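Participant: Chains as they are written, first to last, in the working numbering: chain E, 226 to 342; chain P, 2 to 116.
In case anyone wonders, no lab produced these hints; they're calculated from the structure. Source: prediction; values computed, not measured. The C-beta atom is built at its ideal place from N, Cα and C for all residues, glycine as well. A couple of the hints might just be wrong.
Listed below are several chain E residues computed to face chain P (Cβ distance under 10 Å; list not exhaustive) [as the list claims (entries may be wrong)]:
{"id": "1", "residue": "Phe258"}
{"id": "2", "residue": "Ala295"}
{"id": "3", "residue": "Pro307"}
{"id": "4", "residue": "Ala317"}
{"id": "5", "residue": "Tyr327"}
{"id": "6", "residue": "Gly333"}
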Amino acid sequence: DQQVKQNSPSLSVQEGRISILNCDYTNSMFDYFLWYKKYPAEGPTFLISISSIKDKNEDGRFTVFLNKSAKHLSLHIVPSQPGDSAVYFCAARWGSAGGTSYGKLTFGQGTILTVHP
Amino acid sequence: NAGVMQNPRHLVRRRGQEARLRCSPMKGHSHVYWYRQLPEEGLKFMVYLQKENIIDESGMPKERFSAEFPKEGPSILRIQQVVRGDSAAYFCASSPPNKNTGELFFGEGSRLTVL
């Protein structure tokens with residue numbers, strides 16, 4: 226039961242253009258959505274997150290959009306740079322009771338982004 | 002300012018042997034998580050621990066796998082009687098006690114190969 230899906234295994238973009246990575250989810254109980262970037266032989270690195278009560282969050286070149294009615298989120302990278310080439314994972318966090326710090330995340334399969342110079 | 006430290010980075014075991022993977026969280030972090038990534042898949046949650054307590058082990062296989070986070074020392078993920086299907090990258094992550102957004106800091110992973 227894949228609750229978080231990234232349907233595009235790979236994406237190729239020219240340097241300077243926009244990269245759009247997509248993610249769909251099925252569980253309405255997720256309260257935070259996150260994007261992680263991963264280089265080969267390294268651990269994932271946190272990029273940006275969005276609360277389920279927001280529809281947009283921006284941090285420099287990275288913007289995440291959340292469409293709750295469609296259960297869809299996307300990560301926009303503008304402008305794309307060759308150093309952005311990596312695997313991007315979408316992840317969703319189960320809502321936790323009592324405000325406790327809780328990092329049980331459900332990850333998508335990842336999208337390999339290649340940015341060509 | 003060390004990040005999450007995992008060792009060993011690579012581990013080779015024969016079927017039936019035991020594997021022990023260690024994780025030291027970032028300084029000031031008291032929450033530790035273990036995730037597993039099988040080839041061509043995303044990361045899958047295994048277990049969430051705080052010092053001396055297992056908070057959520059819903060992702061752990063019922064047999065052969067165990068985890069601990071003692072009062073002193075690193076967290077340890079232990080796999081007994083390994084099988085070929087245990088071959089994967091095992092990632093440890095940590096978070097500070099007052100961060101409630103799901104943001105985790107991951108180590109570089111331990112890659113287990115079972116022959």
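Participant: Taking the hints in turn, state whether each one holds.
Facilitator: Here is what the structure says about each hint:
| no. | hint | verdict |
| --- | --- | --- |
| 1 | Phe258 | holds (8 Å) |
| 2 | Ala295 | violated (21 Å) |
| 3 | Pro307 | violated (22 Å) |
| 4 | Ala317 | holds (8 Å) |
| 5 | Tyr327 | holds (7 Å) |
| 6 | Gly333 | holds (5 Å) |
The structure shown violates the earlier hints numbered 2, 3.
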